[in-house]
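*Asks:* Based on these hints, arrange chain B on the given structure of chain A.
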Amino acid sequence: MDLQRKANLYRKELFEKFVEVKQGHPGSAFSMLEIVTTLYHGGYVDFEDKVLISKGHATVALYPILRDLNIIPQEDWNNWGKGKPTCLRVFGNISIPGIDMTSGSLGHGIGVGAGMAIADPNGHVHVVISEGELYEGSTWEALLFVAHRQIKNMTIFIDINNLIILGKTDDCLMLNSIREKLSGFPFDIFSVDGHNTNEIMNALDETAYQPKIILCHTVKGKGFSLMENKPEWHYMQAITEEEIEQCRKEINDVTA
Amino acid sequence: MLQRDAFIEEVKKRLETDKDIYFLSADFGAAALDILRERYPDNFIHCGISEQAMIDIATGLALQGKKVFCYAMAPFISLRAIEQIKCGPSMMNLPIAILSVGIGIGYADAGPTHYITEDFACMRSILNLNIYTLADASSAKRLANKLLDKPELCYVRFDRHEQPELPVTNFITDNLYRLMGDTVTKNKILVIGSGKMSQIIADVYKEKSDKVIGVDLIRAKPFPDTLKILLDECGGVVVVDEQTPAGSLGAAVLEAMAEKNSLSKKVKVLTLPEEYLFENGGREYLLKKHGLSKENILKTLNDNF
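If you read the sequences in order, they're chains A and B.
Mapped onto the numbering used here, the consecutive letters of the first sequence carry residue numbers 1 to 256.
Mapped onto the numbering used here, the consecutive letters of the second sequence carry residue numbers 1 to 305.
Calculated directly from the structure, the hints in this document are not laboratory data.
Everything numeric in this text was worked out from a predicted model, so none of it was measured.
For glycine and all other residues, C-beta sits at the position ideal for the given N, C-alpha and C.
Wrong hints could be hidden among the right ones.
[Said to hold, decoys possible] On the chain B side, residues computed to face chain A include the following (Cβ under 8 angstroms):
#	residue
1	50
2	52
3	82
4	92
5	113
Same shape as in the complex, but just chain A (with noise of 0.2 angstroms):
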C-alpha cells in the first residue's frame, strides 16, 4: 500500500469534513496524519495493541482510518456534521469505536499509556502527544516514570510542528531544544519527518533497547497553502468559497 498516498486521501476527506462539520482542530490532525496512517496501515497496531492519542483534539485523525478498518461504522462517519445522530466528536472519548482513551486535556497520555503497558506486557501502546503537551508537567512526570522503569512495549511520537495557539512555541515560551532536553532520560531517540511515511516505518522498525521516542517534525495544517503554518489554523475557521476550491485543488493534485 502507498501510505503516503493514503494520508493524503484521508487528508482530502478530512479537509470535506471539516468543512461540513464547521469546527474542530485541521491543523493539529493534518500535522499528525502520516503517523496514525502508517501506524494503522504499515501494520503496526495488532489487536491487543493501543493506540492513544493524547493531542485529543486531533483525534478525528483516527477515524476514517477506523471506518476504513470497519471498525466505526460508515454511517457515524457520513451522519457527522450533517445534524444526524453519530458516535463522533471533535474530540475523542472512549465511547467511539476504537478509540482508547478519553483524551481532550493535555498531558495524559504518556501516563495512561505507561498504566496500559504495565497491565499488557504483550501489547504495544503507541501515544500520540504534541510538542505543546511538552509544557504540561504531568507529561515529565509520565516521561520519568517510562523512563525509570524502562517500559519497553510503548513508543511515544511527539509531533513538533513549532506552534501553538498563539503562535511559534521559540516565541511564547521556548521548548527547543527537545531532543536535547530528553537526551538525559534513557530513552532511544529517533527523528523523522512526520510527514514521510519511509521514515516513519524505518523508525518504527529499529530496534529499539530503551523505550522508543520518535521526534516527528512536522508542519501545522500540513497539505494546504490557506494553513500551513497558520497558528490560527489550530481551529476550523470561516473559510470562503474560494478557499474551499484552492485547498480542493491542492489536494487533488497530490492525490490524483
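*Replies:* The following block gives chain B in isolation, referenced to the frame of chain A:
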C-alpha cells in the same frame, strides 16, 4: 491500629490470591505498605512524588481491567490531581480507589499547605465518584474488603492518627453510616459528622444520649437514602465538619434535607473558619479554638434545641 494500616493489611491479604490488584503510591508510606511492597513488588508501583502521573498511570491500568489503589497524602492526591481524576477515572468511569491520608488539620504542626480543608467540596463535584470518610480502624478494614470484592471509583478519606473504635449502637450495612443512639424521633437531635469529628460526636453522645443521636457518616456521596429519612424524622440537626464552610458536609446534609422537604427544622453547621490557619498549638487546640469541640457542640445543642 492506624486506619491506613488496617486498610492496606486487607489489600495485602487479598494479593495472595489476586494478582490483578495494583497498589500505587506517590511516595507515601505505612507500616503495612512496607510489608506489601516487599512481598508483592510486581503489584506495588512507586510513582515518585507525582500525584498527577499516578492517577494517569492508574487510569491506564484500570482501562486494562486491573484493580487499582492510589495512595498519597490528602492535600496532594486530591487537589493537585483533581483534573486527572476528572478526565481519567471519572469521565471513563473506572473503578479506582483513591486513598487520601490526613483529612482536615490532621497534619496540624505542618501548617496550611498540609491541611486539607476543602477536599470534600472539591471531590464531591467529581462525577461517578463515591466519597468515604473513616473514623476508626474497623471501618477501614470493612471498606477495604468491600472495595476488593467490588471495586468502584471512590475517594477514601483516612485520618492521620490512630482513633479509638466508636461506641456504635447501630451499624448500617454497606459502609453507609453508623449510629450512636437508638430510635430517631422528633425529640432527638441528629449530630452528624465523619472521621475525627465522629470521635468528638461520640463524646457528645456519651453526655447527651437522652437528646442526641450521633451519626458517623461514612459514605457521604452518594448520600444514603435511609439517612435522608432519619433527617426528616428527627427534631433538629447539627453538622460538624473539619472543613472550611463552602461546600462542606453541611451543604450535603442541607441538599439531602431539601430533597425530602425537611428544611422546616433548625439546622446548625459547625466548620473551620474561612481562613488559613497559620497559628500552631496542635490539632486539639485548633479544633477547640474554632468550635469543633465537645464543649461547643453541647453549647450549640443547648442554645438551639
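*Asks:* Each hint needs a verdict: does it hold in this structure or not?
*Replies:* Checked hints:
Satisfaction of the interface hint for residue 50 of chain B is found here, the shortest Cβ-Cβ separation to chain A being roughly 4 angstroms, below the 8 angstroms cut-off. Checking residue 52 of chain B against chain A by beta carbon gives a least distance of about 4 angstroms; that is within 8 angstroms, so the hint holds. For residue 82 of chain B, the suggested interface contact is broken, since its CB lies about 12 angstroms from the closest CB of chain A, more than 8 angstroms. Taking 8 angstroms as the C-beta cut-off, the interface hint given for residue 92 of chain B holds, the closest approach to chain A being about 5 angstroms.
About 18 angstroms separates the beta-carbon of residue 113 of chain B from the nearest beta-carbon of chain A, more than 8 angstroms, and the hint is not met.
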